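Take a look at the letters that make up each chain.
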Amino acid sequence: MQKAYIKTLYDIMSADKRVCSLLSDSGTDYDLLMARDFPAQCFNFGIAEQNKVAVASGMAKMGKIPFVYTTDVFLAYRAYEFIRDDVCFQRRNVKVMGMGMGMGMGSWSTLGPSHHSTEALAALRALPSLTLLCAATPLELTRLVRFVYETNGPVYLRFGMSAEEELFGEDYKFELGKPIMLLNSGTDVTIFVTGTVAAPAYHAAKKLRDNGIAIRLYNMPTLKPIDDAAILDALSSSKYAFTVEEHSLQGGLGGAIAEILAEAGEEVPLKRLGLDNCFAKGYGTTADVRKLNGLDTDGIYNQIVNHINGGKTK
Amino acid sequence: MDISKELRKQIFLTAYSGGVGHLASAFSAVEILQMLYIDRVMKFNAENPDWDERDYFILSKGHGSLVLYATLAQVGFFPKAELYKFCQPDGILGGEPNTLEVPGVEASTGSLGHGLGIGIGIALALKSYCRSNFVYVLVGDGECQEGSIWEAVMSGAAFGLDNLTVIIDHNRIQKMDFVEKTMGAARHVRFGGGQIALGEQFRSFGWQVKSCDGHDTTALRETLTGEWQPDKPRCVIAETVKGKGLSLMENNPAWHWRMPSKKELKTFCAELNITQEELDECKRRI
Numbered sequence: 001m002q003k004a005y006i007k008t009l010y011d012i013m014s015a016d017k018r019v020c021s022l023l024s025d026s027g028t029d030y031d032l033l034m035a036r037d038f039p040a041q042c043f044n045f046g047i048a049e050q051n052k053v054a055v056a057s058g059m060a061k062m063g064k065i066p067f068v069y070t071t072d073v074f075l076a077y078r079a080y081e082f083i084r085d086d087v088c089f090q091r092r093n094v095k096v097m098g099m100g101m102g103m104g105m106g107s108w109s110t111l112g113p114s115h116h117s118t119e120a121l122a123a124l125r126a127l128p129s130l131t132l133l134c135a136a137t138p139l140e141l142t143r144l145v146r147f148v149y150e151t152n153g154p155v156y157l158r159f160g161m162s163a164e165e166e167l168f169g170e171d172y173k174f175e176l177g178k179p180i181m182l183l184n185s186g187t188d189v190t191i192f193v194t195g196t197v198a199a200p201a202y203h204a205a206k207k208l209r210d211n212g213i214a215i216r217l218y219n220m221p222t223l224k225p226i227d228d229a230a231i232l233d234a235l236s237s238s239k240y241a242f243t244v245e246e247h248s249l250q251g252g253l254g255g256a257i258a259e260i261l262a263e264a265g266e267e268v269p270l271k272r273l274g275l276d277n278c279f280a281k282g283y284g285t286t287a288d289v290r291k292l293n294g295l296d297t298d299g300i301y302n303q304i305v306n307h308i309n310g311g312k313t314k
Numbered sequence: 315m316d317i318s319k320e321l322r323k324q325i326f327l328t329a330y331s332g333g334v335g336h337l338a339s340a341f342s343a344v345e346i347l348q349m350l351y352i353d354r355v356m357k358f359n360a361e362n363p364d365w366d367e368r369d370y371f372i373l374s375k376g377h378g379s380l381v382l383y384a385t386l387a388q389v390g391f392f393p394k395a396e397l398y399k400f401c402q403p404d405g406i407l408g409g410e411p412n413t414l415e416v417p418g419v420e421a422s423t424g425s426l427g428h429g430l431g432i433g434i435g436i437a438l439a440l441k442s443y444c445r446s447n448f449v450y451v452l453v454g455d456g457e458c459q460e461g462s463i464w465e466a467v468m469s470g471a472a473f474g475l476d477n478l479t480v481i482i483d484h485n486r487i488q489k490m491d492f493v494e495k496t497m498g499a500a501r502h503v504r505f506g507g508g509q510i511a512l513g514e515q516f517r518s519f520g521w522q523v524k525s526c527d528g529h530d531t532t533a534l535r536e537t538l539t540g541e542w543q544p545d546k547p548r549c550v551i552a553e554t555v556k557g558k559g560l561s562l563m564e565n566n567p568a569w570h571w572r573m574p575s576k577k578e579l580k581t582f583c584a585e586l587n588i589t590q591e592e593l594d595e596c597k598r599r600i
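So the sequences go chain by chain: A and B. Its first residue numbered 1, the first sequence is counted upward by one per residue in this note's numbering. Its first residue numbered 315, the second sequence is counted upward by one per residue in this note's numbering.
Check before you lean on any hint, since a few could be wrong.
As the list claims (entries may be wrong) - Using 35 Å as the maximum straight-line C-alpha spacing, the simulated DSBU-like pairs for lysine-lysine come out as follows: (1) Lys394(B) x Lys17(A); (2) Lys7(A) x Lys441(B); (3) Lys546(B) x Lys17(A); (4) Lys399(B) x Lys3(A); (5) Lys489(B) x Lys576(B); (6) Lys224(A) x Lys178(A); (7) Lys271(A) x Lys281(A); (8) Lys323(B) x Lys399(B); (9) Lys576(B) x Lys597(B); (10) Lys206(A) x Lys7(A); (11) Lys597(B) x Lys17(A); (12) Lys577(B) x Lys357(B); (13) Lys577(B) x Lys319(B); (14) Lys323(B) x Lys597(B); (15) Lys239(A) x Lys206(A).
Rather than coming from a laboratory, the hints here were simulated on the basis of the structure. These figures come from a predicted structure and were not determined experimentally.
Just chain A, same shape as in the assembly:
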């Protein structure tokens, strides 16, 4: 997915000299290629994320379009106040790119919670003037990076950093705030998922469908602003609603959907799947760690079936 990001940004930077890539010792070989081809647009600030975000604010004030790129946690947590005060509050055209979202740093998840951005949505959703996006697949990321570039104002985009499975075709169409249907076999169960955990959610949804459950699976690339009416529409005639996210149950996608349902007075019961007041357990591949935390295909499938059966396993 990182490759999709760099490739798209490379094309944008070659066409628009205002666009800059701001690293904090966070690049790959691709970034070195970019720095070779566009030296005047590439900056590395060393391991110093707070300053990098403040600098981006100053550059944006001067008409540059800085893409601030590093590990999601170092931006969402360490540089949070700088994103808030210097970017959002001053409404600067800064693009914050958080890679390695959720529990995975690439195909591996060996570094533990210090590198897991499993509370980032709760913190970032609260920021005024920020557009908040999560990419599920390389193709979606390509489209989102384009959208981010074409949008004026503060944007935070989170994405994965390994070979995420592609779930979309070329007909993929992004609309800000709206859910994107991934699977549809009926209206009984509606599932919303965001970010790179979309792949296991997709396979769990297929299994549910194959076992005769009428389900709809929606991908939610936009966490802010969310189109409430589109969510309610997606949920029409549902008996059960579920959210799936590599995130705390507090304040993420589940929280956002719950707010919409409660304010609309909808009675469809919602079950949030994610991390329940805990840091993610274990080390291994990203798939291993998802499994340990109930967010692999079987974990998602079983939690949904159990919930529908009123807690009784079939």
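Got chain A sorted already, so can you dock chain B onto it with the hints?
Relative to chain A, chain B alone:
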């Protein structure tokens, strides 16, 4: 009345109108802003705050907003009448400056350690446009305890930003106590040259450093506009007195965030040449 006295009087009347304010932090930087704006070391156009040819000033120690407001009003960025609405519901001037609302304010600051990074971003962009506008950032000496200041100092040298001057308002007092008493042990040169210690820190990060009397506008101007090497950012340590101009307040940590009592007010008025009518006028305008 000389202009620095006029500014101090205006600062006090502004704070008096709002009932609050970081007076001592503002008083220590009066001559610095006077030199930049009123003596026009900086290029600016009050009629057109976004003028492309302007130099950029960022008040990283945002709580010193009173001196910035008084100076901006003095040179015509907005009417002086606005000062009397300081921290009032119908005004635009808050305790910390807001770039979206106040003409002439280049960046919203408040939380310490942000303004220098923003200034570095502006200076980097100016370099890339091959433009000769200059960037000035005023930071507090207490503010230099923030880690992000040193991230910014590191990057300023790494990018060779010789279009950037940091002015340190070296008044030696932070909120609770003297800087030296608070973090003095961490400085590698002992007090008596506390200013040298801070200068050494900047120098060791690859900056060029000069110091001068921060209440002498001629010395400030000569230091800022004197000989500097190319390819290195500049740091001017302005030796100041927190609360300068008010006998009760000078060099007294108790005054970081407070207003005078009724008794103290008499001394303030006497030393700042403020009449009872001028005080009453503040209250009438609210």
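Results of checking the hints against the structure:
1. Lys394(B) x Lys17(A): 42 Å, violated
2. Lys7(A) x Lys441(B): 27 Å, holds
3. Lys546(B) x Lys17(A): Holds - the C-alpha atoms of Lys17(A) and Lys546(B) are around 26 Å apart, at most 35 Å.
4. Lys399(B) x Lys3(A): 53 Å, violated
5. Lys489(B) x Lys576(B): At roughly 23 Å apart (the allowed maximum being 35 Å), Lys576(B) and Lys489(B) satisfy the hint.
6. Lys224(A) x Lys178(A): 10 Å, holds
7. Lys271(A) x Lys281(A): Given that 35 Å is the threshold and the Cα spacing comes to 21 Å, the pair holds.
8. Lys323(B) x Lys399(B): 16 Å, holds
9. Lys576(B) x Lys597(B): 15 Å, holds
10. Lys206(A) x Lys7(A): Roughly 31 Å separates the two Cα atoms, so the pair holds.
11. Lys597(B) x Lys17(A): 53 Å, violated
12. Lys577(B) x Lys357(B): It is violated: about 42 Å lies between the C-alpha atoms, which goes past 35 Å.
13. Lys577(B) x Lys319(B): 21 Å, holds
14. Lys323(B) x Lys597(B): OK: Lys323(B) and Lys597(B) at ~16 Å, within 35 Å.
15. Lys239(A) x Lys206(A): 18 Å, holds
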